[in-house]
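A.B. asks: Top to bottom, those sequences are chains S and W.
One point on numbering: in the numbering used here, the residue at position 92 of the first sequence is 92, and numbering is uninterrupted.
One point on numbering: in the numbering used here, the residue at position 31 of the second sequence is 31, and numbering is uninterrupted.
Here are some chain S residues the structure puts well away from chain W; computed CB gaps all over 12 Å:
#1 A21
#2 D25
#3 K83
#4 V90
#5 F107
Covered stretches of chain W, as calculated for chain S (at least 3 residues, CB under 8 Å):
#6 39-48
#7 66-72
To be clear, the hints were calculated from the coordinates, so they are not data collected in a lab.
Every residue, glycine too, gets a C-beta built ideally from N, C-alpha and C.
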Amino acid sequence: VPIEGLATQLRKGVIEYCVLAMLRDTPRYGGELIQVLRSQDGLLTSEGTIYPLLSRMRAEGLVDTEWREAPAGSPRRYYRLTKAGQRAVVEFQREWVRFRGTVDGIFGEPGGKQR
Amino acid sequence: MSAPHADQLVHEYLDRLDSLLAGVPERRREEILDEISKHIAEQRSQIPDESDADLRNLLERIGDPAEVADAARDDGETVTMPKPARRIGPIEVLALVLTPLIWAAGVILLWLSPAWNVRDKLIGMLVPPGGYLRRRARRRPAWRFDAVGGPRLARVFYMCRYRSMARSRPCAVAVDNSSLSIAQAIRSDPVMAADAARRRVAF
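Chain W with its partners taken away, still in its complex shape (with noise of 0.2 Å):
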C-alpha cells in the first residue's frame, strides 16, 4: 500500500471521529484526537512493512468512530449544548424556595435518583435544613410526606433534569426499567450503552 493512501485512511479515521465529537467540550475532544492520532502513529511505527490490511486491522482493534464518540459521551454532564446556566433558572429558584416545605422526602427522594448529578444532590440537600428545623418546631415530622405522590420540590427537579437530559440522552429515562431491556437496549444502541455503564447498571 501506498503511504500516501495509509495517510488517508488515517486522516479519514479521523475526520469521522472528530465530527462524531460534535458536543464533546473542545478541550476533551482535542485531547482524545490527539491521543488516538498519537496512538496510531505509534502503532504504525511498529509494523515493519505496513499493509492495508495491517492498518485496517489497527483502526478495526481501535474501535469504530462512533463507538469512541460513544464512549466520551458517556456521562450527561460533559455533553451539554449550552453552558449549564440554563439550571439556575426560575424554575430552579423556585424549587430551592420550596425545600424547606419537604426536606426530608425532597432529599431522599433526591438520593435516590440517578437525574442528578452530586452537585445538584448536595444543593438540594444543604440549602433547606432551615425548613427543617421549622418542621421541627411545629412538631410535625418532616419525613411524613407521601413519597409516591412525590414532592413538589421533586417533581420540578425531575421534570428540570428529565428535560436536559431527554435532550442530550434520549434514551436515559428508558434506563431504569428493567434488565432485559437494558440488555436489548444496549445491544441495539451504544449511547445506551454507554448511559447505562454510567450507572453501574452492571451492578
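So here's chain S without its partners, still in its complex pose (with noise of 0.2 Å):
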C-alpha cells in the first residue's frame, strides 16, 4: 500500500472522532476547529471539508449548535457534543486503544500488549 494512501485512509478513519473529541469540554466553532487541526500534522489536508463533517455530523445528531455573537462580522455557530456525540467519543476511544495496543504488540512498540 502506498504511503500516501494509507494516510489518507487513517486521516478519514479518525478525522470525525478528533472533530468530537475536541468539542469535548467546550463549543467551539470551525474556523476554530480548523486553527487547531491545521497544527496536527496530516490530521486535515482540506480545510474546507471540516463544513460538510460538521454538517452530517449534526445531521446524525452527534453535534448540535448555537449561534454566538463574533466579536466582529456575523454570528458564529458553535458546535456542541450532544449525549450521542459524547458516547461516540467514549466508544471511539476504547475501540482506538485496543486497537493501537494491538497493532503496538505486532510492532513491539513499548506500551504495545504482549502476546
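Both chains come to you apart, so use the hints to assemble them.
C.D. replies: Okay, here's the thing in C-alpha cells:
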C-alpha cells in the first residue's frame, strides 16, 4: 500500500472522532477547529472539508449548534456535543486504545500488548 | 489586487461549490455554503493587506470545491436523488414477509453487511421474531441455513440496497475487495475515499 494512500485512509477514519473529541470540553466554531487541526500534522489537508463533516455529524445527532456573536462580523455557529456525540467519543476511545495496542504489540512497540 | 477581483474569485469558488453540492439535501447544502463563505470572510478580514496570492492561498487551504463537496457526500443516506419512499416498495414488503422463514441467517447477514443503515438492520432484525419462534416450535434450529447460498431475504435486501447505492455511489461495491484496491481507488477517486471513510476501512 503506497504510504500516501495509507495516510489518507487513516486520516479519514479518525478525523470525525478527533473533531468530536475537540468538542468534549467546550463548544467551538468551525474556524477554531480548523486552527487547532492545522497544527496537527496530517489530520486535515483540505480545511473546508470540516464543514461537510460538521454538517453531517449534526444531521446524525452527534453535535448540535448554537449561534454566538463574533467580536466582528456575522454570528458564528458553535458546535457542541450531544449525548450521542459523547457516547461516540467514549466508544471510539475504547476501540482506538485497543486497536493501537494490538498494532503496537505486533510491531513490538513499548506499550503494545505482549502476546 | 482590486477588491472586485478578489470578491469575484470568492464568488466563483462558492458558485462552483454550490453546483457541486447538487444532490446534497438543501438544508445541509445551505449550511455548508454559509459556513464556508463565513470562514472565507473571517480569514480575509485577518489579512491586513490582501494580495492575489494571499487569497489564492486561502482558497487552496480550504480545498478544491470538488473535494469539499465529496466530503458532503460522505454517507449514502444524505445524498439520495428522490425521497426514500422507494425503499418501501413491493420488494421490501415481500422481503419482510419472507424474513420469518430465515430469521437467524438473515439477521447475521443483515448486521455483517455494510449495505444497510442501522434503521434497515433494526427493521430486518426486529420484525421477524415471530418466525423465529415458529421455527423453534417445529424443533428446527433457526440458524441452520445456508449462508453462502444466501437467504432469500438477504438477497432481496442486497438487490434493493445495492441498486440504490449504485445510483448514488458507483464505487461503493468495489470498496469491499481488498485494501490494495481501496488504496488505489482512494488515490484516484475522492468519492471512493469518502465512502471508504464512512466504512472506517482504516480499521
